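> Sequence:
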Amino acid sequence: MPPRIHVDVPLVAGTELTLPGAASRHVQVLRLQPGDAITLFDGQGGQWQAEVLAMGRKDVTARLLAHQPLERELHTPVTLALGMPANERMDALVEKATELGVATIVPLVCERSVLRLAGERAERRSAHWQAIAVAACEQSGRNRVPQVLPPQPLRAWLAGQPLSLPASLPAEGLRLVLSLADDTQPLRQRLAAHGGGPVSLLSGPEGGLSPAELAAAAAAGHLPTTLGARVLRADTAPLAALAVIAALESPP
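Heads up, my numbering is the position in the sequence shown plus 1, with the first residue counted as 1.
No lab work stands behind these hints: they were computed from the structure.
Note that the structure is a prediction, hence the values are computed from the model and not measured.
Be a bit skeptical, because a hint or two may be false.
Unchecked claim - Computed cross-link-like contacts, EDC-like style, restricted to lysine to aspartate or glutamate with a CA-CA straight-line distance of at most 20 angstroms:
#1 Lys59 / Glu89
#2 Lys97 / Glu74
#3 Lys97 / Glu250
#4 Lys97 / Glu121
#5 Lys97 / Glu52
#6 Lys59 / Glu112
#7 Lys59 / Asp92
#8 Lys97 / Glu207
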């Protein structure tokens, strides 16, 4: 199978193009040669059969051949909003969530968050996580790259006004918050009662969401939802929920 490479420029059949820097480096690291087959995708759906035309010291030229209208997305668009776990766990979470089919990732700063990012540091980390999502798409076969938004306060996201960005809180669809409270319903039960459309899944940081944050989530329409009796880590719970959603969509 030809290697899959993401390019952040529009692709048109029959054209020749110089691959962007990251894509060129990818081809060079793989030690590909002129005439070798590659698969390119621009993140907007489908993928392209292509071949390497020339290998320069810094640039790689390729020719686009045929478009393949493949879709490997979940039928249910999932927005995953989560209190960022500390250390390198957020990197792994972005990677695995992308593999599982997430559509949008919203890193949140919560009352109990260990990792707190703002300003230029937040922008750098957001770009880093977006690159991880691209690499995960290349590996997993996805042709649409999920969007990783800049970190923002939980309250701002719940208000639908995240740092001058378009509102990321779905206006319609199912809103869920992972909770261990007594009045929760299992995720499978919530999904079974859902009539279709997007799903917004809110998950807390280490130590969970505070009572005030849970109340604010409930006021914004998020239904308390459980994954079972065991307490899962901040980087485990959202992935477990995504796996359930993906499994329920899989053919028998």
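> Looking at the structure, which of the earlier hints fail to hold?
Numbers 1, 4, 5, 6, 7, in rising order.
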